[in-house]
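Peer 1: Start from the sequences, fold in the hints, and give me the full structure.
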Amino acid sequence: MTGINFQSGLHILLLSSGAGLPLLFVLFLWWRPCRKTVYALLPLTTLPALLIVLFVPSEVVVEVPWFFMGGRMGIDPIGRAFLFFTALVWCFSTLFGQASLSDDPNRYRFFGYFLVAMAGNFGLILAQDGLGFYLFFAMMSFAAYGLIIHDDTPEALRAGRIYLGLVIIGEVLLFAALLMIAGMAPGLLFSTGQPGTGGALLFVLLFLGFGIKAGALPVHFWLPLAHPVAPTAASAVLSGAMIKAGLLGWLRFYPLGLSNPGDYGEIVIVLGLIAAFYGVVVGLGQREAKTVLAYSSISQMGLMTILTGCAMLTPTYRATIFSVIALYAIHHGLAKSTLFLGTGLLKSSKNQYSQRCWLTAGLIFIALTLAGFPFTSGAMVKTALKNVSGSLAPPWSGILHLLLPLTAVATMVLMVHFFTVMPTGKASSSKRKQWREMLAWGAGLLGVVAGLRLWPEAARFHYGILDSAVLWNGLWPILMGSVIGWLIHRMALRAEKESIFELPPGDIVGVEGYWNQRKIIPWFTSIQQTPPGDTQIFGTPGFISFFSKYQGELGKREKILMRWKVIGILYLTLCLCLIVLFAFY
Amino acid sequence: MIEPASLAPWLIIIPLAGGLLAFLLPSRSVLIGLSATVANGLLALAITFYSINTIPLEYALGGWPPPAGILLRIDGLTLVMLTMTAITGLAISIYAQGYFPARIGSGNGVSRHGPQQDFFWPLWLMLLAGLNGLFLAGDLFNLYVTLEVTALAAVALTALSGKHTSEVAALRYLLVSLLGSLSYLFGTVLLYRACHVLHLATLGALIVSSPVVWSGLALITVGLLLKTALFPMHFWLPPAHVNALTPVSAILSALVIKASFYLIFRFWGDVFMRILPLGGYSLLGGLGAAAVLWGGIQALRQKRLKMLIAYSTVAQLGYLFIALPIIRHDAGPSSRFALVYLIISHAGAKAAMFLAAGNVFLHFGHDRINELAGVKDALPMTSFALAVAGVSLMGLPPSGGFIGKWLLLTASFASGQWWWGIILIAGSLLAVAYIYRVVRHLFTKAPGPSSGKRQVARTMEASSLFLAVLSLVMGIFAPLVSKLIASDAVSLASLLAGVVP
Amino acid sequence: MTITTGYIISALLLFGIGMNGLMTCSHQLRKILAVNLMASGVFLILIVTGFGTDGSAIDHVPHAMVLTGIVISVSTTALALTLACRIQQRLNRSADETAEGNDDD
Chain A
1 MTGINFQSGL HILLLSSGAG LPLLFVLFLW WRPCRKTVYA LLPLTTLPAL
51 LIVLFVPSEV VVEVPWFFMG GRMGIDPIGR AFLFFTALVW CFSTLFGQAS
101 LSDDPNRYRF FGYFLVAMAG NFGLILAQDG LGFYLFFAMM SFAAYGLIIH
151 DDTPEALRAG RIYLGLVIIG EVLLFAALLM IAGMAPGLLF STGQPGTGGA
201 LLFVLLFLGF GIKAGALPVH FWLPLAHPVA PTAASAVLSG AMIKAGLLGW
251 LRFYPLGLSN PGDYGEIVIV LGLIAAFYGV VVGLGQREAK TVLAYSSISQ
301 MGLMTILTGC AMLTPTYRAT IFSVIALYAI HHGLAKSTLF LGTGLLKSSK
351 NQYSQRCWLT AGLIFIALTL AGFPFTSGAM VKTALKNVSG SLAPPWSGIL
401 HLLLPLTAVA TMVLMVHFFT VMPTGKASSS KRKQWREMLA WGAGLLGVVA
451 GLRLWPEAAR FHYGILDSAV LWNGLWPILM GSVIGWLIHR MALRAEKESI
501 FELPPGDIVG VEGYWNQRKI IPWFTSIQQT PPGDTQIFGT PGFISFFSKY
551 QGELGKREKI LMRWKVIGIL YLTLCLCLIV LFAFY
Chain B
1001 MIEPASLAPW LIIIPLAGGL LAFLLPSRSV LIGLSATVAN GLLALAITFY
1051 SINTIPLEYA LGGWPPPAGI LLRIDGLTLV MLTMTAITGL AISIYAQGYF
1101 PARIGSGNGV SRHGPQQDFF WPLWLMLLAG LNGLFLAGDL FNLYVTLEVT
1151 ALAAVALTAL SGKHTSEVAA LRYLLVSLLG SLSYLFGTVL LYRACHVLHL
1201 ATLGALIVSS PVVWSGLALI TVGLLLKTAL FPMHFWLPPA HVNALTPVSA
1251 ILSALVIKAS FYLIFRFWGD VFMRILPLGG YSLLGGLGAA AVLWGGIQAL
1301 RQKRLKMLIA YSTVAQLGYL FIALPIIRHD AGPSSRFALV YLIISHAGAK
1351 AAMFLAAGNV FLHFGHDRIN ELAGVKDALP MTSFALAVAG VSLMGLPPSG
1401 GFIGKWLLLT ASFASGQWWW GIILIAGSLL AVAYIYRVVR HLFTKAPGPS
1451 SGKRQVARTM EASSLFLAVL SLVMGIFAPL VSKLIASDAV SLASLLAGVV
1501 P
Chain C
2001 MTITTGYIIS ALLLFGIGMN GLMTCSHQLR KILAVNLMAS GVFLILIVTG
2051 FGTDGSAIDH VPHAMVLTGI VISVSTTALA LTLACRIQQR LNRSADETAE
2101 GNDDD
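Respectively, the protein sequence lines represent chains A, B and C. Using our numbering, the first residue of the first sequence is number 1, and each one after it goes up by one. Using our numbering, the first residue of the second sequence is number 1001, and each one after it goes up by one. Using our numbering, the first residue of the third sequence is number 2001, and each one after it goes up by one.
Wrong hints could be hidden among the right ones.
Stated by the list, open to error - Derived SDA-like pairs (lysine to any residue); straight-line CA-CA distance at most 25 Å:
1) A:556 x B:1297
2) A:559 x B:1297
3) A:565 x C:2023
4) A:565 x C:2091
5) B:1163 x A:563
6) A:559 x C:2026
7) B:1163 x C:2084
8) B:1483 x A:62
9) A:559 x B:1278
10) A:36 x A:55
11) B:1163 x C:2094
12) B:1163 x B:1101
13) A:556 x B:1303
14) A:431 x A:78
15) A:556 x C:2023
16) A:565 x B:1164
17) A:559 x C:2023
18) A:556 x B:1426
19) A:559 x B:1369
20) B:1163 x C:2090
21) A:431 x A:348
22) A:556 x B:1165
23) A:433 x A:153
24) B:1303 x B:1366
25) B:1163 x B:1118
26) B:1303 x B:1290
27) A:565 x C:2036
28) A:556 x C:2025
29) A:559 x C:2024
30) A:36 x B:1118
31) A:559 x C:2091
32) A:559 x C:2090
33) A:386 x A:78
34) A:556 x B:1433
35) B:1163 x C:2095
36) A:36 x B:1377
37) B:1303 x B:1373
38) B:1163 x C:2026
These aren't lab readings, by the way, just hints derived from the structure by calculation.
Peer 2: See the structure below:
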């Protein structure tokens, strides 16, 4: 009996320390005397989350009534999958960041934000009610701002500003959505399984609110701005882990709130398809490796969006499709974060030929994984994806059957482009530091190779059979993609450019001049224009000058209210009003 | 074991005695002031924890029963207000302890900073005594007396900076305050004529609707509205709050305003709820909605940080009034809880903002919003405090403002009064806009080298950060507050059930 | 009964005149006096309340209230007068020497 009690106590302790331990570490980071020790112990913060994935059974739920209007923490199957790769990505990135920032004067500040974002990310996966999810989601989103602006460069500040604006808009949208759901599902528990009664408005709110984090079109544009400017460890978690929080939000809230999710499934699939190809096309116009990776993330998230749409269309297969989405998230989360870490390493590996060779080899492997090379996790998820598309109703199964291999081709093309813009080592750092960074990256690589194989649900999809048809299915998109990519590269070389066409990072906001002329950006922000130099010109945002246009008018109105006579009249009027209301009550 | 109610008089005695002592011994005023506020804080916490399970409590001073004697009354709302005042007041006192020496030390040839410190502590302690007395008072007339004590001390504090503008603002504040309190007294007299009772609980049970009672309640309400600066009678608030010294601005907007609103809440949400007309609730809610919008728009167009904060107070007060109609139509205690939460989280956030603005002013010598670039580098804690307090004012989670607005919103939608919900959301958007105006400057780099002229003590930065963080993480105290308010709602229900027509 | 009514009417008149003065007079001293007038009106009603409507025993509670009220009124008037004097002095002085240093908040 005591054994059982002890065990459940342990589970509860683990569940609460999933988000609790990182927050505890933040406190100690603040406290000067023990900073150094805490810094050395940073990777431990991901340990509870990993232990939860391994040991806590799904039925254990912690109720925390004392915390913020009551919360529920637990781990359901989909949460377990998300926590699995999220914890791994954070773990590798912490190891990497700990090494690469070890001589940064602001490293404690960075890890303060880092740990808060981590706690938010773990917490939102563990939260079993809408409000808890929202709370942790907000915590993560705001803390990520600190990660993006860490380097304090003008680009970082600009990216941070655009990100922060979008986050605030997203919070407002989600808040409105939450309110609507709260009206129909008291308690906002995810586990009730009862469909909500929400309609198109709720769908739009949820899609955009979480889409901002998930890099969905048309609110994706902060991603390619923010990922390259953040320190490598931060871009890895942004692209590997945090981006999936938006996806999880969709998975959690669509069934909870929408009365008939199927109505919107087709829209979601179409948007996902567009994103899958749009990300590749715009990514080809980029010249910075990390930006290319960010666009690749947008494209890959597009594929996961398609899966979400499939799940909405066919409620009968929802559980299966959800587990496929989880597989895809695991695969992409691990691969993309390791790509980012490797790119960061390449940048700081000047004059180290053998190391560069190893790195490039590893990166090529991951790129092939992303494109679905046979025997890799990419091939596994491709197979799973094909199974899903086969189970759809007629028009979509055909369309997806045709387009899905093409997305693999597109991914490969973008990966070839990524290798052509790969950074050359610009700086070199100490041997010891690099050794530790390599170790973290190696662990990530191991995760890419073995991660999905370790996941029990993945065994359902036959991926490793030496069947020539299967092999060919996996290989032809890669071959075709490589050839197209190489051709594009040749064309670019002939034109003596780095890419065949050039697009500013952040496509929509990248062409700021256009929007500036249309007075759309100035209406919302203070940015009038961003000159090439270091300084930024700040003006008054349009919506404020809109008020200042009536400045005199508003001031005059306010002055009228300051006159004693007006006060007297108001006083008497209010008294009379109240008495009259009494009389007619 | 000491009876917790018998500790209550000490909440008045300690600050009052401290104030007198500080006045008599100006050289020790800082020490006396700090120890009195610390003692007051400990006492308030002790009373809260000891009496949490036994409220409501009553205590007759000196054993004299009413009507001749003075009756102190403690219930959940009282405890929340006392604790809020004690904690916010303590942080402001710690700030003031650094603030006056910083101004005296800056030595720009003006000798008025010394006397400012000598008079600040006695006046502030008197104000604290008045506030504590107000929250404890159990009858209509003692409420009037404490209201006047509070107002007198507040006016004197407003004038303390010695500038012409602040004296003009103080006189105007005094006259408005007098109009309000005389109106309140007039209403009290009318109610007394009708019922011959001053004791609040008894009055609530006895009172019967009649024309005299109508005009009495109307006079009391409008007088208090004037003192609470509800739109459109907010004209005195911005000049008084802006021109005062920094700790005074914080005290005025975090605590003094709440005192008169506390009375409105007492009367409209509790004692006279039974007979007040539904239309009256809608009227107050409507004025609150107008305040939210008007205050927000005015805050958007201000050029000075302190002005912006003052107009944000006008807007935030609106929320408190919007809550009244929702409470009237809501059966459960959750909307009352929401209102109390809005009150205390606004106290923390607004005090933090004023203190942080004071730091900015002290360091740069101005508080023009458009020239605030570089604050982050010069005063990191202060800019962080401003941002955090701003998040709480916007009502983002996990701030206390979020819980308050969230509960109000759900209650308003649940009771079919969705229009209040829309105003709440619109007000939050306005708050986002005007806070953003400030924050975007704070976190940009200064174009040139820092133009700061004075050092700001760490305690001053820390106390504003403390209040800001407190208002941000208030969610953790939610169950304690909700327990206190829930016990109020039970006694209110029995009051309403007893005599409902 | 008629006496009580007369008192009440004159008290209301006093309150109203005071109110009117507070709203319309521009001079600070007049405003202060007007507030005092309003207070007197309220005190008058209080005294009449103590008189007892049925002519029986005299109620002492309103009398205690009036006494307290008068004390409060004296102190508020003192504060208001002090402020008004300081404002006037400042105005007079700044008329003499316009260069007044405006150093900080």
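Peer 1: Check the structure against each numbered hint from earlier and tell me which ones fail, lowest number first.
Peer 2: 9, 10, 14, 30
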